[in-house]
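Position chain B against the provided structure of chain A, taking the given hints into account.
Just so you know, the protein sequences line up as chains A and B, in that order. The first sequence begins at 527 in the working numbering and counts up one residue at a time. The second sequence begins at 989 in the working numbering and counts up one residue at a time.
If you're looking for bench data, these hints aren't it; they were derived computationally from the structure. Hints should not be assumed to be uniformly reliable.
[Stated by the list, open to error] Think about it this way: if two alpha-carbon atoms lie no more than 25 Å apart in a straight line, the pair counts; the simulated SDA-like pairs of lysine to any residue are:
hint : chain 1 : residue 1 : chain 2 : residue 2
1    : A       : LYS532    : A       : PRO605
2    : B       : LYS1025   : B       : ALA1246
3    : B       : LYS1155   : B       : ASP1285
4    : B       : LYS1087   : A       : ILE543
5    : B       : LYS1432   : B       : GLN1353
6    : B       : LYS1025   : A       : GLU587
7    : B       : LYS1236   : B       : ALA1246
8    : B       : LYS1025   : A       : GLY616
9    : B       : LYS1025   : A       : LYS532
10   : B       : LYS1087   : A       : PRO605
11   : A       : LYS532    : B       : ARG1465
12   : B       : LYS1025   : A       : ALA593
Note that this is a predicted model, so its numbers are computed, not measured.
One letter stands for each residue in the lines below.
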Amino acid sequence: MARPPKSSQIITANRLIDGRVVFLTQDLSWSSDLGNAQVFPDPASAEGGIKSAQTSAANGEIVDPYAISVSLTDGRAAPTLLRERIRADGPTIEAGPKAA
Amino acid sequence: MYVYDDFDHAFVGARVAQFRDQVARRLSGDLTEDQFKPLRLMNGVYLQLHAYMLRIAIPYGTLSSRQMRKLAHIGRTYDRGFGHFTTRQNLQFNWPALKDIPDILTELAEVEMHAIQTSGNCIRNVTADHFAGAAADEIADPRPYAEILRQWSSLHPEFSYLPRKFKIAISGGAHDRAAIRFHDIGLQLVRNAAGEIGFSVYIGGGMGRTPFTAWHLRAFLPESDLLAYTESILRVYNLYGRRDNKYKARIKILMHEAGLDTVRAQVEEEFERIRTGVLNLPASDIDRIKAFFRLPDLAEKPAVSVAEAKAAAQDAAFEAWVATNVTAHKVPGYASVTISLKPIGGIAGDATSAQMDAVADLADQYGYGEIRVSHVQNLILPHVARDDLKAVYDGLVAAELATANIGLITDMIVCPGLDYCALANARSIPVAQRISEAFGAQAKQDDIGPLQIKISGCINACGHHHVGHIGILGVDRKGEELYQITLGGAADEQAAVGEIVGPGFTTDEIVGAIETVVETYRDIRSGPEEAFIDTYRRIGPKPFKEALYGAD
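Chain B on its own, in the form it takes in the complex:
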């Protein structure tokens, strides 16, 4: 993974020292809250319902075991012994004291981490496919490009006060595991007819109160033009994006109002002006960054593991876990292991400090010290020998991290909701916990098959409800929590915004309503092999509406 050079260390160190001084001045009364608030936000410090919240960037979701242990230590020392992994591959601590945050940032800097640009109207943490570098289906590892974008965008003076926040995601190939069509810029690695690597560029995707799937801006962008083209997009957005209304300030609204042709013409014009300038990326620079992300030296192994097969024959729970949580690796004899942070009845994305340490230990012992965070709020050991899967599984069982539900109905995305968040209108976590309990039996989940439920506690859509196969949006209706159901959303290459099925349900009704939707699917699917989303696409919302609300 990327290793800080002297410049990076000095840069992050200076920023921590600056913030330490700002916190001291705030606590001594030299700065008012109005003066301090924008400064703390630039360092990832929010004030939520019960306490401050610190959002730490995990660039493109890549963590070393050493960094994970540091997060565990911070959770134990300065928080309540746990942290929350988010849909932007970040980690949030929910209970830090303001007085401690400079010390936390100092500790993070020791392991080459920070909280810069995890808030504010700037370019946020660039996210990427969580199987990057390991996926059998990728054109190239997206992380070197994400790292190049990170370096370019960090404290970029022109883009530190954009009309609104700006999010970039990169997929290594055609199968989109990074939700690139719901980002301000989505980049998909492609090859052109000459076999050269480049990007297919999407623009203006987003969720929130006005969801849009992205527009396709460019079919092929050479890799050497990545920065010049991205800068051109940002420059057009910075000039023409609305600043009069924060709800209309994202680039998706500019796309919607100005249209693809207009924005494309402006971007291309600026791009032609600057493409041969300082932002042109020489192959040597790209190669230098790529070298940081080299695949570990994986010893040659047979594609089929005798040890794995033997263990699976003796342990049905292990076999079930392999079926759901283990993904093929590009190197035969290896696999990527997804560690579910969705225990049945638990809190999506949360991990205790002890669990973080356990994952770090397993990564060191069996996974070359590498860990990933997915936007689906799970953890990944990207490079594990299939021969070692049983040992990893046993370690996860001991850490209470062996839930076999990846991609199944209980593998939900869930925002913190009204239990923590100052913006929320309704609770998300307790609803998710009850759904998890209702569908948690392994046989039941397996029978239902792939199904993504995503839950947000307000229209800002941090829980990605718009792109859930089943989406749940919590709203406030005259002081009562009410939950709207959407159906048919998808975050992958078949991107779609879900349709609202009808009036919302109370907190007492919502789990039953989800059971009705799932039962309807089981009744009308062509067979167990037809996934929920395929049934929905084939038949549409009518039978679900009738089951929920009765026939017209």
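Pulled out of the complex, with its shape left as it was, chain A reads as follows:
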């Protein structure tokens, strides 16, 4: 999958206890709101974020952390890949049948 070089990055994972999507924040905690994610200017600087994320994974807070590319518009981060946008925002369809 195409990833533009030097793009801004955030760190994401799934929460261990319930599997929900979370993002690494400035104070090294985890938030389900992408708006709270710490934005790293490039993949190299995101390495530091991955290290603290791996500590969280080892502590059993989260599972499988990884960095994703984001674009910034007015300071707001939006994942570059559709897969990650869907992870951040939830299914693009109603999460339940039509008759629900």
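Leaving out everything else, chain B in the frame of chain A:
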């Protein structure tokens, strides 16, 4: 249906207790994710895009009303009030929390259900014809044999770490409603010249990135040899199946590389060695299992129902629903009702907890408490008196489950796709919803006639796109969803893998492309009675390609 004995209860109970301990150790940090992942997968727990997913086995697609109510309760209590019925006759919950899964499994065990072997490189849930035991055209009910295979394969120590997953399907007769030619082993019940029941055995069918229709391994296998022969196949596969590349590890690749004659010789050699041993099935054991699947005592009724005819004359929508969703039963005066989980514009295979309860109530009131799940992601009440069809229909209307589209263009198989699945490359559900809306008008669907569209969001083909009369495969092209169309696939006894017609279409183009294919069919069919697949087989892909891409 099958009833757990003390051994089964103890077996499932012990497994739940074991997993409860494993989850506790994972949450307390005693187990790492690397250690825990294979354990959770053995219990049907995946981690998908947004949450964990729990896949619950519905053995050979047979459910009691009590079990359905339990699934409704679990959906309501631990999930978001709905569940998703899959192409392997299973049920998936999309939003359970890991901490709750041991409690969910405890609740399931209360109604003799579990999630064992719904994942991992083992023998998965054995699937069967959804009209089993009711179909007028079956040689015998396939479910007792599926149950025997389930008992034999559950935690089978030799086959718990196969090169790859292994799927078995059984059809009760020649008309294949269980897609047996696309399973690792497909069994078709047959009679030999002496009138004895046995199996015609298929091997190595499959979809995924390398689709194959199955090879025909044996014309007649006596029923007493079912386990010995199946074990022989598994043993050969376990020894010679590739473990160096997960994409080449299914038995279809062994068949492709080693050839039918070689594999058959190896299987037969092993079979001769073990056929008189402990796996030989005595008739008394088969009869004992068959007794669990006895047809309910159906009171004698006239073949034609006056009540049904009267209701149909007064209610055109009911008449249309009977025409599409009601199938002849082997007992005169009865029918099997297919409940569509494909509302127009809805999500294929999804049912709310309220709908599950409604189906359970209708099953109790009119269907002897029996429910089936089809691999086409619909539900079935297998034994309904034709006199009661209108009451069942009215109940389904009230539950928003009365869509009259079985076998028609909007009765699609659709995988969860990129909206849920960690493996997917493109979304399936929104594409299906738009196709459903485009073709949803009843007169339009009826005019198009039988047509199976199947949609997968990646090459793993959970949405069976290879065997759709029209197949749609979502791929990722440089970050954009692109949809490839295949034509001419079929999952029944005329099994075929569809042909790719040409370059893919964007998400904005795909519905129009399907409309072009359907319009082309309507233009060139010999008459309204010629189904899409028959027109395609008669004429081939050329006119469809020209309509989609222009003449060469």
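*Hint by hint, which ones does this structure get wrong, listed from lowest number up?*
Per hint list: 2, 3, 5, 9, 10 violated.
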